[in-house]
Amino acid sequence: MWGAPAEPADYYEPGKTLSVRKWQAAFAPDGQLDISKTLGRIHRGGIHPTIRGEVWVPSRLFRSSEYVRRKGAATAGTKHYEKWKSVCHEIFPVVGSGQFITAPVITEDAGTTTNSTDMVKELSNGPLDQRIINWLLLHQIDRDVGYCQGMSDLASPMIILLENEADAFWCFERMMRRLVYPTYRGNFRCTESSVGVESQLSHLAMVTQVIDPKLHQHLEKLGGGDYLFAVRMLMVLFRREFSFCDSLYLWEMMWALEYDPDLFYLYEEPSSSMNESKMRSRSMRHYGKKEHPATPRSSRLDDVVKILNDITGSLDAKKACNEAIKLHKKYLKKAKMT
Amino acid sequence: MAHRVDHEYEYLFKIVLIGDSGVGKSNILSRYTRNEFCLESKSTIGVEFATRTLQVEGKAVKAQIWDTAGQERYRAITSAYYRGAVGAILVYDITKRQTFDNVQRWLRELRNHADSNIVLMMAGNKSDLNHLRAVSEQDGQALAEKEGLSFLETSALDATNIQKAFQTILTEVYHIVSKKALAAQEAKANASIPGQGTTINVAETSGNTKKGCCST
Chain L
1 MWGAPAEPAD
11 YYEPGKTLSV
21 RKWQAAFAPD
31 GQLDISKTLG
41 RIHRGGIHPT
51 IRGEVWVPSR
61 LFRSSEYVRR
71 KGAATAGTKH
81 YEKWKSVCHE
91 IFPVVGSGQF
101 ITAPVITEDA
111 GTTTNSTDMV
121 KELSNGPLDQ
131 RIINWLLLHQ
141 IDRDVGYCQG
151 MSDLASPMII
161 LLENEADAFW
171 CFERMMRRLV
181 YPTYRGNFRC
191 TESSVGVESQ
201 LSHLAMVTQV
211 IDPKLHQHLE
221 KLGGGDYLFA
231 VRMLMVLFRR
241 EFSFCDSLYL
251 WEMMWALEYD
261 PDLFYLYEEP
271 SSSMNESKMR
281 SRSMRHYGKK
291 EHPATPRSSR
301 LDDVVKILND
311 ITGSLDAKKA
321 CNEAIKLHKK
331 YLKKAKMT
Chain F
1 MAHRVDHEYE
11 YLFKIVLIGD
21 SGVGKSNILS
31 RYTRNEFCLE
41 SKSTIGVEFA
51 TRTLQVEGKA
61 VKAQIWDTAG
71 QERYRAITSA
81 YYRGAVGAIL
91 VYDITKRQTF
101 DNVQRWLREL
111 RNHADSNIVL
121 MMAGNKSDLN
131 HLRAVSEQDG
141 QALAEKEGLS
151 FLETSALDAT
161 NIQKAFQTIL
171 TEVYHIVSKK
181 ALAAQEAKAN
191 ASIPGQGTTI
201 NVAETSGNTK
211 KGCCST
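The listed protein sequences correspond, in order, to chains L and F.
Residue numbers are given in the UniProt record's numbering: position 293 of the first sequence equals residue 293, and the series is strictly consecutive.
Residue numbers are given in the UniProt record's numbering: position 94 of the second sequence equals residue 94, and the series is strictly consecutive.
In case anyone wonders, no lab produced these hints; they're calculated from the structure.
Incorrect hints may appear among the rest.
[Unchecked claim] Derived EDC-like pairs (lysine to aspartate or glutamate); straight-line CA-CA distance at most 20 Å:
(1) F:K96 - F:D158
(2) L:K16 - L:D310
(3) F:K62 - L:D310
(4) F:K62 - L:D303
[To be verified] Over the 10 Å line for every Cβ pair with chain L, so calculated as not near, a few chain F residues:
(5) S43
(6) E48
(7) L54
(8) R75
(9) A76
(10) I77
(11) Q138
(12) N161
(13) K164
(14) A183
(15) K188
All of these numbers come straight from a predicted model, not from anything done at the bench.
Ideal Cβ placement from N, Cα and C applies to all residues, glycine included.
Work out the full structure: start from the sequences and follow the hints.
Next up, the structure:
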């Protein structure tokens, strides 16, 4: 089941990565988990692969209360998932049937028909689990946001990492929640004239302007001031730019940071939406850093797109994240001064 | 060396690939620019592009081909990339009727967002899947004629007509651009001297009038 690509031996640093021992130490004798003890490690060095699935369980890393009961949550999640699946199976017998569908399934928020052919097409093209189809349908039924290309990019790591189907689904569901709801990132929320991810693009523009005004001016001069060239990165959380292992590392770090209560004070923002979007922008920053040395060569916007397309799968997440955190501090410092 | 090669072209044409998702746009692009085909390619998120330099009537032309996400939901973003495109290849899948029926919608999309002089071509892709065909070649041809588009059936899988499709659209673009350039040159040549003369005359007259005004 642990079908993830092999990770380099030196990928995990002792003292930084959340180790098995540290994870176990976060549980009190009565089974209570104090996840705050693990977050520092996770955002410094990710999670050791042997416990990744266990930590990822949505009731842990995704839950926003600090103390989480160890066992109860998991079984309730499984029951909920099975119940939910059977309800959906009644509405759409294809859920859980293992069949591909070719008929329109659900009406989109914009009023047009979502053709699930799109989805099945994409899924059947890749070596993906049938479960992902179930999930995407479940998700589609649950939220009024239809299937969007890229969603399956986000689902596949859950399938690979979490043995328990229900856990994996809720993990995916939590993630989608962040990417669908406008109060979070709202990436996949689309209307006829806009795509949710655009608000993040404008945050990115704003942050770049503060941190690196020269880069921002350069991009504006090239006609890239809308930052549309960064859509894919933000849309699927760098899943395509980073290798499999690196994107997991990045996600863990992001989740751990988003969990950190101290960070809420740093932002001095009561609304969680601002927190998330700025956070995202900060995570985004490493690409800007990466890109910077290349800018003298990028005399046209096409060159920018080309540079970004070419880094697919070749970014070092660890370095990028470290840079991102530095840039984030720089941003906060500069933003405070102005 | 790479830089020299990169600048060895006389024209740079931006072409966009559009059409429903799953019709094979990304594979058309990879077949043309890298001679690659991938059965399990991922869906395009946002936009990607690749280039290839070719000869069109003895001139080196660099084709910069933009591959866009086909899904309806991404349209608000992808339409921003039509800007500056001199050509568009509208792709449908010959085994999926709906992708052909949607051609009209894509045309509308182009008319709303692209340059009005954009050169259009329609490609019925996946011609290797003849046994699953849902759109006849005649239907494609008829629609192309009605809408004034050039038309080819292509297969990114076995490379049928891929080269030809790009060669056709780029040649057509080249003809328009070189004709325009020639016309502009001629116009400039004809207009330059009288233009200057007029300016001087106007200045002089106005100057005279003013003088006249002041002196009286």
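Does the structure break any of the earlier hints, and which numbers would those be? 2, 5, 6, 8, 9 and 10
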